[in-house]
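With chain A's structure known, arrange chain B on it following the hints.
In order, the protein sequences belong to chains A and B.
Here the first sequence is numbered in the numbering used here, starting from 1 and rising by one per residue.
Here the second sequence is numbered in the numbering used here, starting from 1001 and rising by one per residue.
Any given hint could be a false lead.
With a straight-line Cα cutoff of 20 Å, these simulated EDC-like cross-link-like pairs (lysine to aspartate or glutamate) come out [to be verified]: (1) 2(A) - 1059(B); (2) 103(A) - 1038(B); (3) 1070(B) - 1030(B).
A few chain B residues facing chain A, derived, Cβ under 10 Å [said to hold, decoys possible]: (4) 1004; (5) 1031; (6) 1037; (7) 1040; (8) 1043; (9) 1045; (10) 1088; (11) 1092; (12) 1103; (13) 1105; (14) 1106; (15) 1109.
Hints in this document: simulated from the structure, not taken from any laboratory.
For each residue, glycine too, the CB sits at the ideal point set by N, CA and C.
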Amino acid sequence: RKEVEQDPGPFNVPEGATVAFNCTYSNSASQSFFWYRQDCRKEPKLLMSVYSSGNEDGRFTAQLNRASQYISLLIRDSKLSDSATYLCVVNRQQAGTALIFGKGTTLSVSS
Amino acid sequence: DVKVTQSSRYLVKRTGEKVFLECVQDMDHENMFWYRQDPGLGLRLIYFSYDVKMKEKGDIPEGYSVSREKKERFSLILESASTNQTSMYLCASSSIKGQLGGTQYFGPGTRLLVL
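So that you can see chain A by itself, here it is in the shape it has in the complex (with noise of 0.2 Å):
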């Protein structure tokens, strides 16, 4: 099984709908989540992070499944803006800082 796995997608969606991305990790023993968002040739940027009761931001809701080992991240009332890579991204083992990313879903949405 991959550390981080994920569908890459594309996934093509138009502008209002919603969609949701999921992502399984290997390390029962990771204790960090997160979704970064990636656009075109720039650098990742923190989406957000990903808390075991789950939480939301705006229009984006993350998902945590321990038992699974599974993430999941769900974007309502998708905008043109919201078009680009997201990965998901778990710690590498249970008490390090380095991170272990997804090689990414994108997300392309239209008009």
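Leaving out everything else, chain B in the frame of chain A:
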């Protein structure tokens, strides 16, 4: 706001040249990282550092070395550049304070072409 800067946005070098990529962060972060990003391969960790003069190998350290003489600066060195080191190089920093596996903040990247 956290700011991570990298010395060059674009760089063209010849095979066999020694290449220095510089990264500076202004948030007094303890941890600094160097990645390369290639299409279809995602972000791969080359080296990281938890403290001044300290370094740890990542997943793909071969052909690279690093230097961290000051807390704010982390340099990546390609001892003898090769064409397979053509890539986008990204530097990141994070703090150990707060949650484990802290958020990493990235610089804008350096696109290196080795001819």
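Indices of hints not satisfied (ascending): none
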